[in-house]
Structure formats: structure tokens, C-alpha cells
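On the provided structure of chain A, position chain B as indicated by the hints.
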Amino acid sequence: MNANLSAGQSSTRKVKDRLFQALCIGAIIFSLGALAGLLLDVVISGLPSLSWHFFTNFASRFPEKAGIKAAIYGTLWMMSLTASFCIPIGIATAIYLEEYAGDSRLARIIKLNIANLAGVPSIVYGFLGLAIFVRMLQFDRSVLSGALTMALLVMPIVIVSAQEAIRAVPLSLREGSYALGATRWQTTRRVVLPAAVSGIATGVILALSRAIGETAPLIMIGALTFIAFVPDGPMAPFTALPIQIFNWISRPQAGFHDIAAAAVLVLLLFIFIMNAAASILRHRYDRRWQD
Amino acid sequence: MTVKTKEVVQLEPLVDVSHLIEPPAIEIDSGPIKMRAEGLRVDYGKFQALKDVTVQLPEKRITAIIGPSGCGKSTFLKALNRMVELVPDTQVGGQVWIDGQPIYSDQIDLAALRMAIGYIFQRPNPFPASIYDNVAYGPRIRRRHTRAELDQIVETMLKQAALWNDVKDKLRQSAHNLSGGQQQRLCIARSLAVTPHVLLMDEPCSALDPISSQKIEDLISELKEKLTVVIVTHNMQQASRVSDYTGFFLAEHTGDPGELVEFGATSHIFTSPKDKRTEDFITGRFG
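Chains as they are written, first to last, in numbering that gives the first Met the number 0: chain A, 0 to 290; chain B, 0 to 286.
Wrong hints could be hidden among the right ones.
What the hints assert, rightly or not - So the derived label-pair ranges between C-beta atoms look like this: (1) Phe46(B) - Ala35(A): 32 to 42 Å; (2) Glu37(B) - Leu170(A): 22 to 32 Å; (3) Ile279(A) - Arg146(B): 30 to 40 Å.
Said to hold, decoys possible - Incomplete in silico selection of chain B near chain A, CB under 7 Å: (4) Trp96; (5) Tyr103; (6) Ile107; (7) Gly137.
Note that these hints are calculated values from the structure, not bench results.
Note that the Cβ used here is the ideal one computed from N, Cα and C, for glycine as well.
Just chain A, same shape as in the assembly (with noise of 0.2 Å):
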């Protein structure tokens, strides 16, 4: 017997290795293609109305003379509120959840539960909102009623991920810490956490970029979006990017769908950026692990 190794023999297999890999690159240039086309869509349709009065200027009920001051102002403020709330609890959360809870029987629900909070609908969160901070508290339609429910809302994903980087950091690690005498909170404050921070920052900076685009939850908790005014404190009636893109988008003038893509293409930017910060992150962070 002489191995047969003419060409042709197992030409059916290769067909179908062929039409697998041309499967795949079809899933791909659909995807992308599409993609790309709606990218295209709004470049062509937004970059014209891109102006330096564009982001001085008020909304108008003049397209042209409209512009996305008070949003942006709207968006930074409540960023920056929704980060101060989900950083320091969602981290103090997944600390306790790896390093003190152990494998209880009410740790493993907890952990359960976190992971399914991830996957409840943003308009869940909205309504949430709208009857504790805006109703019950007495938040009113505020930028802090607006960063609260952005907390809620991003909180189970940076929990989740904290987690994640908290475990990945060696065992031998922590026994190392704990045989020379460390406490719990020693080990957790010099070894654990130095370790994890890239990978934790990684998650929260993934978790802001979901918030800044996230508009049901503002609409639900009726977040204004005829604004003259930036907001003066936490308490302000707000506007922010995606509410205002909403808003321009169904009325009926084009000149407004314009701006609208204009708008899109400020939001991008800042989502761009924070993703970019995140893969740098995650990047430097394998590298140091290699090493």
C-alpha cells in the first residue's frame, strides 16, 4: 500500500473547507460593510454642520443656528457624577465579593444576581429612576437623578469586571502577602489592588463609554431637551448628547436630521476615545503579566 498522495483524492472535504472560509468572510464584510455604510452615512451627512458655533451654541429652533452646548455640558457633568457614584462602590463591592465574601451559600447569589443585573433592560433602569431618585427622593429631572440611574445602570458591568481582574491576580500573590504578616486589608490595599487596577479601570472606562451613549433611561426620567442654559450644579435640569440627538432626529426639518449626525459623529468621538483609553489599558496590563 502506497500513501496516495495525488491531488483530488479528498476534493470534497476541500470544497467544503473552501465554502466554510468564504462563509466567514461573507459574516465579516456583511457585518463590517454595514457598518462602514452607516459610518459613511452620517460623516457625509453631519461633517458639514461640524463648526466652532456648532459647539457653542445653544439648541434653536433654527437648525443652523443650533448647536449642542448644553448637551455636551449635560453629558460631562453626569458622567462625571455617574463615575464618582459606580467607581468607588462598584470596586468596594467586587473587593468584598472576592476577597472577604468566601463561597457562601448568599455570596454565590449575590455574585448570581450581579451578573444577571447586567442583563436587564435600560428602560428597567429608567423606570427605577423615575420612581425612587426622581419621585420618591425628590431628585427631581436633575442631573443627579440622571447620574444615579446611569450608576445603577453600569454598575452590575463594573462590578463584574473588578471581579474579574481582582481573580486574576495570583493566589501565590495574596499567601505571599499573608506570610509575611499582612492583614486582609494590607494584602488587599498593596498587592491585590495595585495589581488589578489596570484591569479594573479597563472595565469602568468600557462601563462609562455604555453610559454616554445610553438615552432610554434618560427619556424615562424625562431628562429636558430645550435647554438655553448649562447646567449650574447637580440639581440643574440637564440635557445630554444622545437625548438631544433623539430630539433633533424626530422633527421633521432636515436641516435638523443634519445636525442630528452631526451630533452622532461628537458622540462617536467620545465613545472612540474611551475605548481606545480601555484597549491601551488592557494592553499594558497583559504585557505586565508576561513579563
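Okay, now just chain B, sitting in the frame of chain A:
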């Protein structure tokens, strides 16, 4: 078959007698005792890992713990500074004393205990920080130090760990850039920086090349002037080279708890072991 049975029968009275006279025999030629375990037993959940270990560890001597895999020798070592309790669901019975103080007691400050009894792991585990920060870790968690104090401590400890000449120009570099042997010596320096009385070493050379192992062995011999050392090792030659005393642990069958079969001066254990099982292990008949 019959011959073998006879041998065992002949040995049994010998073993009994040796058990009776063993403790005083150690004290006579060993000087003061640093640590003592009595009826020490460790359970991981439903699995009993260690059974009724009673032993005395002489001060400023090196005690080697030998035995086949799964005989509970690492468990014994971890029980000596309560590191064993980091494993969930662990139960410890019996008692261990250091300088006459029981360590399994509510009165004991765990942090202080682990500073007094250091631990070196099988795989070097430096923190992902600079060489300097690794050594300074212990002193820093104890109390605030001035820069000059820390510099002094770091230099002294790295010298004691025979690492100073290798790293004096790169103290600020990551500890992960060092070789495996250097990392292990760094871990020893890190432990020494909290001025322990006892250093427990769990197969400290098993992940290292022969030359690095040699350096660690030399270091261990030097440490004995200041510290009591207990070293778990898989390597018979290493045990006979570095240690003054040797304890042989054995779990009779897989799943059985490990127990201390024989303890004595290393020269005795390696030349004229009293127990047949010790002899079989040392001569390489099993394990």
C-alpha cells in the same frame, strides 16, 4: 513471603522502644527547642491530611522534612504558621508551640505569628513591583519607616540573602526581570526583612536549576546562625547535605492521612534508620 513477615515481626518491638526513648534522645544532643507540635492533625473538609504528629524542632538548626508525594509534609509545614488555615474548610487539631506559646489560640495575633515564622514557597512569588519594594513590603506593613531606615533594611536583607551584588544597581527594576533563582533569593530577603525566628521552606529549590539550587542551599546553611529552618524537600541528597535533623513523613496508602514515621539526627536517619519504611524510602525502594 514468610521471610518478609518475619522481618516485620522482628522489627516491631524495636519500633516501640524507639518511640518511648525518642523525645529525650533529641533533647540531649540538640540544645534548646524552638517549636514543638503535639498531636497535630489537619483535615481538609472530609479528607484527613495529617495524623497525630508530635515533634520537636531544635533552635538554630535545619530540620528537613522528607517523604513521598501526598504524605502531608507541606501540610505539616503550613500548619506551623497557620498558613494552612488559608485553605477553605480546614480543621486543625492538636497544638503547636513556639517558645512555649501555643499558636492555635485566640490570644495569638496571626500577623505577628507569621512575622515570627516566615514561609518560602515552592515557586518564587515576588510581588509585581520593584526589587526594593519587595524587600520593603514587610517592614512597611509593620509601621512607618523613614527613607534612610528602609534603604538600610533593604541593603542588609539583600546582603543576607546573597543577592545584593546581583541587584544593587537595579533596585528600582521589576522583580520579575530576575532569574528564578534570584527571585527565590529575593523572596528569602523579603521574609528576612520582618526578622523571623523560624523560616519554613516548602521545596524552595524544586523550580530551580542546579546552580541556583546550590546557592539557595549555601544560603540556608548561613541562615542557621540566626534562624531555625524547616525545609520540605523531595531531594534526598539535599536533605542529607543541608539538614541537621530529618523527619520522615508517610501516608501508608493513597487517601490515608500522613504521619511522622521517624524523626532524628540526619546522620542517623540516613545511615541507620530505625524504621524499615524509612530505610526503604531513603534507599529509593519507593516514593
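(Q) To test your reading of the hints: which numbers does this structure violate? (A) Result: hints 1, 4, 5 and 6 break, sorted rising.
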